[in-house]
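2 protein chains.
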Amino acid sequence: MPQIVQCVPNVSEGRRQDVITQLVNSVRNTNGVLLLDTASDHDHNRTVITFVGDLPSVHQAALALVRQAVQSIDMNEHQGGHPRIGAVDVIPLVPISDVTMDQCRQAAAELAEAIWQSCAVPTYLYGEAALTPQRQNLSKIRKGQYEGLKEAVPRGERQPDFGEPRLHPTAGATAVGARLPLIAFNVNLGTEDKAIADAIAKAVRLSSGGFRHVKAMGVTLEDRRQVQVSMNLENYVQTPIHRVFEVIKSEAARYGVPVVGSEIVGLMPQQALLDTADWYLQTEHPSAPHVLENRLRTDQE
Amino acid sequence: MPQIVQCVPNVSEGRRQDVITQLVNSVRNTNGVLLLDTASDHDHNRTVITFVGDLPSVHQAALALVRQAVQSIDMNEHQGGHPRIGAVDVIPLVPISDVTMDQCRQAAAELAEAIWQSCAVPTYLYGEAALTPQRQNLSKIRKGQYEGLKEAVPRGERQPDFGEPRLHPTAGATAVGARLPLIAFNVNLGTEDKAIADAIAKAVRLSSGGFRHVKAMGVTLEDRRQVQVSMNLENYVQTPIHRVFEVIKSEAARYGVPVVGSEIVGLMPQQALLDTADWYLQTEHPSAPHVLENRLRTDQE
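Taken in order, these protein sequences are the chains called A and B.
So the first sequence is numbered by our numbering: it starts at 38 and just counts up by one.
So the second sequence is numbered by our numbering: it starts at 38 and just counts up by one.
To be clear, the hints were calculated from the coordinates, so they are not data collected in a lab.
Warning: the hint list may mix true and false statements.
DSBU-like mimics (lysine-lysine), calculated; alpha carbons at most 35 Å apart, straight line [to be verified]: (1) B:K252 - A:K286; (2) B:K231 - B:K187; (3) B:K231 - B:K177; (4) B:K239 - B:K252; (5) B:K286 - A:K286; (6) B:K252 - B:K286; (7) B:K286 - B:K187; (8) A:K252 - B:K252; (9) B:K180 - B:K252; (10) A:K252 - A:K286; (11) B:K239 - A:K286; (12) B:K231 - A:K239; (13) A:K231 - A:K286; (14) A:K239 - A:K177.
A few chain B residues that don't get close to chain A, going by computed Cβ distances all over 10 Å [unchecked claim]: (15) R104; (16) E147; (17) Q154; (18) Q196; (19) A232; (20) H250; (21) V256; (22) S287; (23) S299; (24) Y317; (25) T320; (26) H322.
No residue lacks a Cβ here, since even glycine has one placed at the ideal position from N, Cα and C.
Generate coordinates for the entire structure from the input sequences, incorporating the hints supplied.
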């Protein structure tokens with residue numbers, strides 16, 4: 038299987054279509070990467086670009102994007118509803134296949150250094166790539182946003198991991214990180230009682246005593262006259278889908294409520310579903326090497 | 038996702054290495070196909086070649102193989118322990134991804150006709166490609182083997198689907214078919230009592246009242262002091278893995294025996310495992326379009 042790293046930079050431009058096109062093209066025109074999605078939000082004045090490739094190609098594409106953003110975005114004129122610290126606000130690297138989290142951590146550090154060296158934009162490492170526990174949480178780095186950070190850094194606070202103690206005059210700063218893919222997974226319950234979905238959401242999510250890598254809330258599905266436990270699974274390796282699903286089933290049973298279905302929103306790595314099949318089938322060895330399509334991809338390299 | 042058809046021709050040569058190499062190369066050198074495996078058996082005097090590609094490429098590669106086999110194999114001199122009717126004995130086409138069984142049936146018919154037209158080897162359609170129910174079963178076509186068929190056909194019996202009423206003087210005949218991939222799946226039980234594995238095998242297999250597409254037998258695992266239900270699942274669409282596994286679990290429970298593990302042998306299509314995950318997670322829509330790796334393969338076309 039080829040090495041696949043997903044990269045999801047968020048850039049601080051969601052309104053000027055010509056600028057967005059230039060930014061996206063800087064990724065698209067880099068060899069070895071594949072653009073999967075672009076989503077611009079006018080109110081946030083922000084664009085989320087999703088692309089994949091091997092580590093060297095992703096590095097080149099992300100660097101090309103920062104170079105383009107430095108030329109076309111002035112943070113002193115930027116307004117929008119989403120917190121941000123720079124022209125390219127965040128660049129997370131996400132391991133998908135044939136790449137470890139350690140490799141993504143290392144690649145995030147190399148990218149952060151290269152952005153400082155070649156674009157003079159100071160950079161912070163966050164998430165799994167953070168150098169200190171405090172910086173794992175992006176919101177700590179982003180506190181006060183561009184305007185606040187611009188004042189704080191020259192005062193000696195929140196020093197960048199790469200760069201001098203002042204932000205780039207127009208492009209601000211960039212946070213580069215590593216994280217596992219988010220899996221958006223919803224479980225539908227055979228009841229109209231939202232209190233039950235809320236109670237189950239509380240049972241499985243970290244903030245109220247549940248699993249470490251689960252965010253969850255109860256949602257009403259008006260049309261279906263059902264309720265839903267709507268979740269983000271932030272680490273399918275440590276907190277796998279099947280474990281969360283089984284707890285939801287057992288909690289629902291306590292109220293006499295059936296699980297009537299589930300849905301996956303967006304993309305997830307094949308491995309997350311193979312792990313699910315392996316757990317339920319009690320396989321003694323991982324099934325991934327037995328998937329014919331995976332064999333093809335290995336052989337075609 | 039690209040179209041993937043698996044083709045598993047069995048050729049009547051398993052001893053002369055130079056001939057085997059020529060036969061395999063005729064496949065390997067065809068554009069658009071990927072050779073996955075070659076297995077020669079000296080006693081059977083037979084080689085099983087496994088390759089994949091899209092339908093047009095598989096057609097070309099199979100035809101190239103037959104041409105080569107006609108040149109290098111004389112059935113009048115062939116001896117071996119496995120039933121066979123020709124230099125290329127059977128050519129099954131197996132749908133893996135982005136191709137329907139109907140398309141494979143049609144492709145089998147086109148290949149069978151092309152083999153007759155361009156190599157003068159008469160051909161039979163079998164399995165899912167059979168034109169009559171009798172010919173679904175390969176053993177009916179192969180009865181009496183090459184030597185018997187050579188006599189029967191000129192007498193007006195078992196006429197080929199393509200070709201005149203006589204076999205090719207040296208290459209005999211070829212059976213071309215379509216079938217779903219076989220999945221070799223074994224379930225291990227926490228007991229030394231082989232009678233329990235035998236009883237469960239009988240419960241799930243077609244021949245004794247079980248599922249239509251399951252072959253099963255009990256096996257003793259001496260080293261582990263356990264027994265196993267060893268299976269071939271011949272149609273994972275109509276008789277899915279999870280259904281067979283759940284019946285085995287419930288039959289084992291009747292004897293107070295736990296399922297301690299399972300194993301997949303060889304290759305299976307990704308879809309068989311996604312179907313398993315979807316069933317256990319009760320997904321309301323198939324997960325295949327949500328697998329990031331599948332998205333890549335589509336976009337790269």
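Item to complete: Go through the numbered hints given earlier and state which of them the structure violates, listing their numbers in rising order.
Response: Violated hints (numbers, rising): 2, 7, 8, 12, 23, 24, 25, 26; every other hint is consistent with the structure.
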